[in-house]
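All chains, please: the whole structure from these sequences, using the hints.
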Amino acid sequence: MKFTRVALLLFGISFSPCEASTDKDGVPMVDIHGTIVTTNDAKALAFAKEWGMPLPRKRMIDVNGKQMPLQEFLLTYCQGKFQNETCSRGSLISRIDSSSGPREQLPKGL
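By the numbering used here, the letter at position 95 of the sequence shown is numbered 92, and the numbering carries on one by one without gaps.
These aren't lab readings, by the way, just hints derived from the structure by calculation.
For glycine and all other residues, C-beta sits at the position ideal for the given N, C-alpha and C.
Treat the hints loosely; a few may be bogus.
Stated by the list, open to error - When the alpha-carbon atoms are kept at most 27 Å apart in a straight line, the in silico DSSO-like pairs for lysine-lysine are as follows: (1) Lys105 to Lys78; (2) Lys105 to Lys55; (3) Lys105 to Lys21; (4) Lys40 to Lys63; (5) Lys78 to Lys21; (6) Lys46 to Lys78; (7) Lys55 to Lys40; (8) Lys40 to Lys21; (9) Lys78 to Lys63.
Unchecked claim - Label pairs and their in silico Cβ distance ranges: (10) Ala39 to Ser85: 32 to 38 Å; (11) Ser18 to Phe44: 37 to 43 Å; (12) Ala43 to Pro104: 32 to 38 Å; (13) Ile93 to Lys21: 25 to 31 Å; (14) Pro66 to Lys46: 37 to 43 Å; (15) Ser85 to Ala43: 32 to 38 Å; (16) Met50 to Lys21: 26 to 32 Å; (17) Glu101 to Glu69: 18 to 24 Å; (18) Gly106 to Thr19: 21 to 27 Å; (19) Gly62 to Arg86: 17 to 23 Å; (20) Lys21 to Lys46: 24 to 30 Å.
Okay, structure coming up:
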């Protein structure tokens, strides 16, 4: 009887979905630099084309195998977590992106 319970417990644990590692604040451990992609928003693309602006781009972060914009990551995981390293770096990167657009070369330390 004991063996059956232990076997069922181990079976359940082995097939449970793997969570991405999180830090002590519950923020996922991610590469906050992410990747920069061109947006697919038809309205934004039409506006950029009409005014001769570069195509709109945004920084995407990979969280648990899903792509998420940096702003959405900050709103989802970093509300009130100003001391968290990932959140503070993400906030600085977000400010840089909002002022001059996403760029590959970031200042040292970010």
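Cross-check of the supplied hints:
no.	hint	result
1	Lys105 to Lys78	holds (22 Å)
2	Lys105 to Lys55	holds (20 Å)
3	Lys105 to Lys21	holds (25 Å)
4	Lys40 to Lys63	holds (24 Å)
5	Lys78 to Lys21	holds (11 Å)
6	Lys46 to Lys78	violated (38 Å)
7	Lys55 to Lys40	holds (15 Å)
8	Lys40 to Lys21	violated (40 Å)
9	Lys78 to Lys63	holds (22 Å)
10	Ala39 to Ser85: 32 to 38 Å	holds (34 Å)
11	Ser18 to Phe44: 37 to 43 Å	holds (40 Å)
12	Ala43 to Pro104: 32 to 38 Å	holds (33 Å)
13	Ile93 to Lys21: 25 to 31 Å	holds (27 Å)
14	Pro66 to Lys46: 37 to 43 Å	violated (22 Å)
15	Ser85 to Ala43: 32 to 38 Å	holds (36 Å)
16	Met50 to Lys21: 26 to 32 Å	violated (42 Å)
17	Glu101 to Glu69: 18 to 24 Å	holds (21 Å)
18	Gly106 to Thr19: 21 to 27 Å	holds (23 Å)
19	Gly62 to Arg86: 17 to 23 Å	holds (22 Å)
20	Lys21 to Lys46: 24 to 30 Å	violated (46 Å)
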